[in-house]
Each structure stands twice: as structure tokens, then as C-alpha cells.
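Peer 1: Kindly produce the complete structure, drawing on both the sequences and the hints.
Number of protein chains: 2
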Amino acid sequence: MKRIDSIQNPSIKAWKKLLTKKGRENAKKYIIEGLHLVEEAIKNDAPILHLLICEEIDIPATFTTGSYEVTYISKEVSKALSETETTQGVFAIVEFDFMRVDIKSIKKVILLDEIQDPGNAGTIIRTADAAGFDAVILGKGCCDLYNGKTIRSTQGSLFHIPIIRGDLHEWITNLKQENIKVFGTALEGAKPYKESSKVERFAILLGNEGNGVNKELLAITDENVYIPIVGKAESLNVGVAAGVLMYGLS
Amino acid sequence: MKRIDSIQNPSIKAWKKLLTKKGRENAKKYIIEGLHLVEEAIKNDAPILHLLICEEIDIPATFTTGSYEVTYISKEVSKALSETETTQGVFAIVEFDFMRVDIKSIKKVILLDEIQDPGNAGTIIRTADAAGFDAVILGKGCCDLYNGKTIRSTQGSLFHIPIIRGDLHEWITNLKQENIKVFGTALEGAKPYKESSKVERFAILLGNEGNGVNKELLAITDENVYIPIVGKAESLNVGVAAGVLMYGLS
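The listed protein sequences derive, respectively, from chains E and F. The numbering used here numbers the first residue of the first sequence as 8 and each following residue consecutively. The numbering used here numbers the first residue of the second sequence as 8 and each following residue consecutively.
Because the hints were derived from the structure by calculation, they are not lab data. Accuracy of the hints is not assured; some may be wrong.
No copy is singled out in the list; a pair is fine if it fits within one copy or between any two copies.
Here are the simulated DSS-like cross-link-like pairs (lysine-lysine), alpha carbons at most 27 Å apart as the crow flies [stated by the list, open to error]: (1) Lys188 x Lys198; (2) Lys114 x Lys239; (3) Lys201 x Lys222; (4) Lys9 x Lys20; (5) Lys28 x Lys147; (6) Lys86 x Lys35; (7) Lys239 x Lys156; (8) Lys239 x Lys50; (9) Lys239 x Lys188; (10) Lys147 x Lys111; (11) Lys114 x Lys198; (12) Lys86 x Lys24; (13) Lys86 x Lys156; (14) Lys201 x Lys188; (15) Lys111 x Lys239; (16) Lys147 x Lys29; (17) Lys50 x Lys9.
Model, not experiment: these values are computed from the prediction.
Peer 2: So, in C-alpha cells, the structure goes:
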């Protein structure tokens, strides 16, 4: 049984670097925290390299039967690796793993254009999973999928459906060739989403919190829709808008 | 022109107390921050007592024509009052103002049962405003409406529609007497929301992030509905669920 007590330990120093985007990209690994997320990673065969368990907590027996290394850590080490105020003391170090998806098998997909808030991106991934979407495509300018806040907001859904970094222009072109209807979201030159006829296979393109979807992308969609604002609010939160459209167009 | 440079000034000390729930409740006032929120408060005639403006920023001319006191503050004071990382240096001190609403005029209303996350509560208020709902009722156990995070998440919608603290059992009883259909949200004994027949006047009852709506309340609704989960996610974020139902049942 391996055990690390000191935050000066070289492995801990290396894992702490995974709390920054640069550190994650150099190592091609990320860190997840909390019983629920670690359980989801194990259940869904995520490429876990190490499991770190604080000496004081009880874990399910299934946690220690994987092919990854299990290390027990002190409370002090647990605090050093945590991004939350009260840590549960369970962590996993996971390898980057951008899944692939065969476009021919896609029925419903979400395309994200410059979604910057990690909470929004994570919530959209969670909703896409819940609504039965086949994949989420992250275009350029999107926040880091492996940011702790993004991961926590997915509530584990990043282990359930493929999340792919890609060029949205290419994706839209390819989806259209595949006869998958691409809905853009826009305020101008668009119609209320409830007036769109429903189709079996479709994609929803959502844009930046402040500026919406890039115009060059809106120009190549099949149809652009909006969610009517009845009251005095200027807009909807993009995570909420995503949910309304995913369920509303299904 | 009044001007305060020191964080030791008694007014500043008193206003800093508004950053805590206890301080707000003692003073029956709250503080808002940022150009957009202050502008919304002014436009919607919120009961503003003081406007605080950092010397270095430009403000719209309309900001200084109200009946409230305007005080210029130093950068140091601005930082001391701010809850955000990069403050815009504009604040307003506003009196508590739980609006009233005539139940006879209500067409659509949201009831919140123990929603604890300020971001969720604020987002639901913003969506209720956008979707044309007439009011949001906060039952016991809900987070503080005047928490900075709740206010920021409303994006100003707390100045657009009445937000009322109330007893949900009483509200449900009264809404039903008024022939307003009350939809509860539950996983058991409920049907998919798309199978519900649409009605002109209705209420949606949403519950706690972890435990859902209290059973005693679900027992007295007209009908309970759920949003189908197709994928592997365990649930939807309650702010997203609220949006799906507000637009889906309308």
C-alpha cells in the first residue's frame, strides 16, 4: 500500500500542476475530485492512472479493484489537491481522452461556439447527456473541458458521451452532408423555435455568452431559431437556453 | 459632492456589513454592484438609498439625477465593498422591497421549495422574467434573494417581476382556488411534461437540488410532471429544468 503524507512529495507536486490548464496540457492528464465523479469515472472505464484516497474516508470496495495505482494520502495533501472548500478526500488522475464519434451514427449533437464559462459548458454537457444527445462538439474559444469547475458542472456526464474538440465550420458542413439539420441560434434572421418543424436528426449550435454565435457560422446553418423573450429580461443564460432547445426541438 | 476615501469611514463600515445575510437583515437593505445591475435598479424605480461611484469610472448621466444620495469613493473603498474579482466601481444601497402581487392577476407563477444555490435561484428568476411569468414565490429554506451571487445571476430580473417570500402550502391552496393549475415536479407518481395538456394559467413547483420537492407539497398539487432523462445523467440542473418546463408548458 502506497502512502504519501507530505505536500513536498514529488508526485504531489506534479499532480498539483494539474490544477492549471498549462499543467494539464503539458501532462495530458487531469484531476477529478469527489466520490460521485470518481465513481462515474470508474463505472465508465475512464483511463484512470492513479486513485488518491484520504486516510479518513470510507470508499466503496469497487474503488480499489481497478488496474490503476491506489495511493493513500494525508489530510494535508488532500487539502493541497482540492479546489473545493470542504474536500471529500477522493481524487483520480485521468488521462486525456477525447473520444471519437462516427458522424453516421449521430442523431442529435450540440455544437458550442466560444462558450467561455466553465459552469455553462459543464451544465450543457450534463443536459446533452440527459436529453439523449450523442455528442458535444467544442469549437475554438471554448473553455477548458478539464477545468475543475467544468468537470464538476458536468456531474460526471463527461464520462457518458463523447466530447470532441473540432472546427465548427467543418462540422456544420459535414453534418449537413449527412442530412443532419443544423439549427443555429440567433436573434436576427431567425424564427421562434416552436415554429420549426421537428426532425429526427439535428444539431444545435450555441454561442458565446455575450456575443452569441459567430456570423460566419450562422450563415451556413440550415435554419436559425430563437427562444422568445416575453418579459423584460435581455436574454437567457446559455445553459438554460441549451436545455430549452434540446428538449423543445426533440 | 460627497466623497469617501477611507475604508475606516463609518458609512463604509456599515455598508460592508451588507455583504453578509445577517447584516442585510438587520439593516433591511442590500448592496448591488456593477453598471448593468445599477442601471436596471434605476430604470425600474427600485428603492435606492445611496449610489456609490468610484472616481475613475464614467457613468451614464441618468445615474446622478435620482432622489438618492450620490457619493464618490476611492479605489480602495471600491475594492472593500466588492464581491467580484475585478469591480466596475459602481454600487447602490437598496432598501428591502418584497413586492406584492394580486393572485387574481396571475397567469403564470414559479414556486421554489428549498432551492439552496444562489446561482440556481437567480437563474430561475431571470428565466421566469424572460418567459413572461408574473411572479416567483420563495418558500422556506430557499437561499437569500439578496445574496450577491443570487442578484448577479438574476441579471437584473429581480427588478422586473415580483419575488415574494411565502408559505408554499398556502400558495398552492390559494392558486388552486383561483383555478390556476399547479404542476409539481417529481420522479414518482408523475408523467412526462409533454403529455400534460396545456392550460392558460399555471404554476410550476420546483424543489431542492438534492431532494426535490417536499412530499407534503407534491400531495396537494393538481398534477406532477417530470422531464424524461434519456441518457446516463442522473438528473438535470434545477435551473435548466425550470427553463425546460417554463417554456415547455407554455
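Peer 1: When no copy is named, should Lys201 and Lys188 be tagged within, between, both, or neither for a Cα gap of at most 27 Å?
Peer 2: both (15 Å within a copy, 23 Å between copies)
Peer 1: 27 Å Cα cut-off: does Lys50 pair with Lys9 within a copy, between copies, both or neither?
Peer 2: Classified as within; 23 Å inside a copy, 62 Å across copies.
Peer 1: My question is about Lys86 and Lys24: at a cut-off of 27 Å on alpha-carbon distance, are they close within one copy, between copies, both, or neither?
Peer 2: Answer is within; shortest intra-copy Cα gap is 14 Å, inter-copy 30 Å.
Peer 1: Tell me, please, which holds for Lys239 and Lys188 at an alpha-carbon limit of 27 Å: within, between, both or neither?
Peer 2: Between copies only: 25 Å across, 32 Å inside.
Peer 1: Please sort Lys201 with Lys222 into within, between, both or neither, judging by C-alpha distance up to 27 Å.
Peer 2: This pair counts as within: shortest intra-copy Cα distance 22 Å, inter-copy 33 Å.
Peer 1: Tell me, please, which holds for Lys86 and Lys35 at an alpha-carbon limit of 27 Å: within, between, both or neither?
Peer 2: within (23 Å within a copy, 38 Å between copies)
Peer 1: Checking Lys188 and Lys198: alpha-carbon separation at most 27 Å within a copy, between copies, both or neither?
Peer 2: within (15 Å within a copy, 30 Å between copies)
Peer 1: Checking Lys147 and Lys111: alpha-carbon separation at most 27 Å within a copy, between copies, both or neither?
Peer 2: Cα proximity of Lys147 and Lys111: one copy only (23 Å, versus 50 Å across).
Peer 1: Within a copy, between copies, both or neither: where do Lys114 and Lys198 come within 27 Å Cα-Cα?
Peer 2: So Lys114 and Lys198 pass the 27 Å test inside a copy (23 Å) and across (25 Å) alike.
Peer 1: Indicate which option fits the pair Lys28, Lys147 if close means a Cα-Cα distance not exceeding 27 Å: within, between, both or neither.
Peer 2: within (15 Å within a copy, 40 Å between copies)
Peer 1: Between copies, within a copy, both or neither: which fits Lys111 and Lys239 at Cα up to 27 Å?
Peer 2: between (42 Å within a copy, 21 Å between copies)
Peer 1: As a check of your reading, is Lys239 near Lys156 (CA-CA no more than 27 Å) within one copy, between copies, both or neither?
Peer 2: between (30 Å within a copy, 20 Å between copies)
Hint compliance for this structure: every hint is met.
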